[in-house]
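Novice: Using the hints provided, position chain B relative to the given structure of chain A.
Chain order of the listed sequences is A and B.
Each number in the numbering used here comes from the position in the first sequence (counting from 1) with 3 added on.
Each number in the numbering used here comes from the position in the second sequence (counting from 1) with 520 added on.
No lab work stands behind these hints: they were computed from the structure.
It should be emphasised that the depicted structure is a prediction, and the values quoted were computed from it without experimental measurement.
Positions of the beta carbon are idealized from the N, C-alpha and C atoms, including for glycine.
Certain hints may be false.
Simulated restraints, written as ranges between beta carbons of each label pair [stated by the list, open to error]:
| id | chain 1 | residue 1 | chain 2 | residue 2 | range |
| --- | --- | --- | --- | --- | --- |
| 1 | B | G852 | A | D65 | 25 to 33 angstroms |
| 2 | B | R1014 | A | E123 | 50 to 58 angstroms |
| 3 | B | P943 | A | D177 | 53 to 61 angstroms |
| 4 | B | I1018 | A | G150 | 32 to 40 angstroms |
| 5 | B | P581 | A | T169 | 49 to 57 angstroms |
| 6 | A | Q14 | B | L589 | 45 to 53 angstroms |
Covered by chain A, per the in silico footprint, the following chain B stretches (three or more residues, Cβ under 8 angstroms) [to be verified]:
| id | region |
| --- | --- |
| 7 | 911-925 |
| 8 | 940-953 |
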Amino acid sequence: MLRLERLEIRQGAFRLSADVTVEPGRIVALLGPSGAGKSTLLDVIAGFLPPTSGRVLWNGTDLGPLAPGARPLSMLFQDNNLFPHLTAAQNVGLGLRPDLRLSTDQRGAVDAALARVGLEGLGARKPAELSGGQRGRVALARILLRGRPLMLLDEPFAALGPALKTEMLGLVRDLARETGATVLLVTHDPADARAIADETMLVADGIAHPPHPTAALLADPPAALRAYLG
Amino acid sequence: MLGLSLGTLAAVAWRAEGAATLGPADWAALRFTLTQALLSAALSVALAVPVARALARRQFPGRALLIALLGAPFILPVIVAVIGLLAVFGRSGLISQALAPLGLGPIDIYGLGGVVLAHVFFNLPLATRLILQGWLAIPAERFRLAASLCFSARDVARLLEWPMLRSVLPGAFLVIFLICTTSFAVALTLGGGPRATTVELAIYQAFRFEFDLGRAALLSLIQVALCAGAAALAFAVTVPGGFGAGLDRPLARRDAGGPGLRLLDGLWIGLAALFLLVPLGMIVARGLAGILDLPPSVWQAAGRSLAVALGSAALTLILALPMALAAVRLGGAPGAALQAAGLMTIAASPLVMGTGLFILLFPLADPVALALPLTALVNAAMSLPFALRALTPAVAEAEAGFGRLADSMGLRGTARLRLVLLPRLRRPIGFTLGLAAALSMGDLGVIALFADPDRATLPLQLYRLMAAYRMEAAAGAALLLLALSLGLFWIFDRGGRIHAQA
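Looking at chain A on its own, in the form it has when it is part of the complex (with noise of 0.2 angstroms):
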């Protein structure tokens, strides 16, 4: 479970203030206008960003004094999320031990989640020789090896088309019920929301409220929301 207790995050003229809770393996959509804090907000909870003031807590322990490696969460970014010098296999890799000093039986638990993802044989290749919707693959691929039971996305399937990103969110959801993780998804399209997300948080005017079920939001939208959507 997990809980964002009193938070304020403030950033000069910014404010965004959190008092939510997430129920575990809820798939729950971060829906906004741009500058809201969508992405900031993920950044609080992944430990890239301290919080003004309040705290993030995982089963009830403090994820403060954690550094972003050693929080229980995942989390993919809007881009870079490969380091492109490295091979898809050793960037999936990292997810079982940074060094990469893998053992026999962990290099054939990279092939497994390469061949999960769709990716069988395509261990070898750098991210350049990928397309767009075979990187997002790689970085879901490490993701499900590092089993961490937190996904944070942020918008990383942006720069995709309308059908590879379907595919690429219908991915996630599977992935995300098979380990049963949490996932939260920042989205600007409530198409991504209807999509996949069992709940939807709207996050606007400086506040991110609560989770509600995403199909019951969209349909009958508060004023804040329907102000965004138009």
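Specialist: Relative to the frame of chain A, chain B by itself:
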């Protein structure tokens, strides 16, 4: 690093205390240093303006190559250039030979003339690059606007070019002035005597011939004050960035279309190219004859020089990489301070450092036996500013692009260095190693203080051949040194480029 700069300085200051006051020869050295540096900087900058203007507004085949060649003197060993210049401007050089049938005596360039000539040879290309950068920094839209308003070349000069030059020239002048105040090898080979001795050369003479450590130390302090003064001025007037890329974009200029201006620009470019290329061509032409029967001592010196150059390159990287990493990690004011500390050695003098090291080491060990390692160390210190300038932005870029990903993977310490930073930094590391190796390979400075005949490097051996008037062998050795310096740079720089991922 600070220890090396300031520690040697402290040793020098401590030693200088007991020394006598400055004699007339020392004042003469100070005067000569300032005079030649002022003249060299003024001439380099003044000549560079028309050359840079011509390069900025003309397009011709070989333009990119010529601009690339303007970077070459930076890694050209001073002593090799001196031999090339003597082959053109010396008593038996091309110009003297051409004048002889006219009954005009051979020209003599030893003294102030030769020192300034050599400095202009080295710094005209640097000044041209700095000023060309200023020209290309003027947005193309300004020239388009000028064309639409029917500006003449004179209007463009007054309204666009002069304001740019006013901001670029002081920095370029001071950088070259600074470089020329620490001139040693040029003064050693083309100067000398009471009328043409720089402070650096006076340190060497006090140290080597009179073994008057107190006087050498006092002169070192003068040298440091001189450099610090010039460096402080240079910081005050914002020195231009230097060895930047993107210099081969020509401007579409409609104001400079007249045949007169075309001829003028062609003349400037042609003269500059001849001035730079003929001496280099002479080194190759004369060296080819001598390179096959070089005395074995030259080959042994070449071997020692290679070892020193490789050691110095490794040392430069070992010093520069942690500094660049720390500067980026600290960020803000502390990071900038760290970088400034590294850049400080640009104003330091190798002979001052050498004198200080000698004073520090003398009670502990025999500095002569350590001549080669000390040379490698001082060379590394001198390469450090350029290494930092190449590495720090690349580290910052790698961290900006992949730092968060590495953090989220828990990549730290050596794994982060091995898997993320080193692969991302291949190009600047290759460039740094190449530059440091080439600079060390061609350096004739601190080695002259310490070395005995058994420990001469190739530049020192070359100087000895020149001093013994064995010009045939000297020309061969010069070609060998040129090939080794450029070869080392090329191999390392290339090694950093091939298979590097974008």
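Novice: Look at each hint and say if it fits the structure.
Specialist: Tested hints:
{"no.": "1", "hint": "B:G852 - A:D65: 25 to 33 angstroms", "result": "holds, 29 angstroms"}
{"no.": "2", "hint": "B:R1014 - A:E123: 50 to 58 angstroms", "result": "violated, 37 angstroms"}
{"no.": "3", "hint": "B:P943 - A:D177: 53 to 61 angstroms", "result": "violated, 33 angstroms"}
{"no.": "4", "hint": "B:I1018 - A:G150: 32 to 40 angstroms", "result": "holds, 38 angstroms"}
{"no.": "5", "hint": "B:P581 - A:T169: 49 to 57 angstroms", "result": "holds, 53 angstroms"}
{"no.": "6", "hint": "A:Q14 - B:L589: 45 to 53 angstroms", "result": "holds, 49 angstroms"}
{"no.": "7", "hint": "911-925", "result": "holds (count 4)"}
{"no.": "8", "hint": "940-953", "result": "holds (count 3)"}
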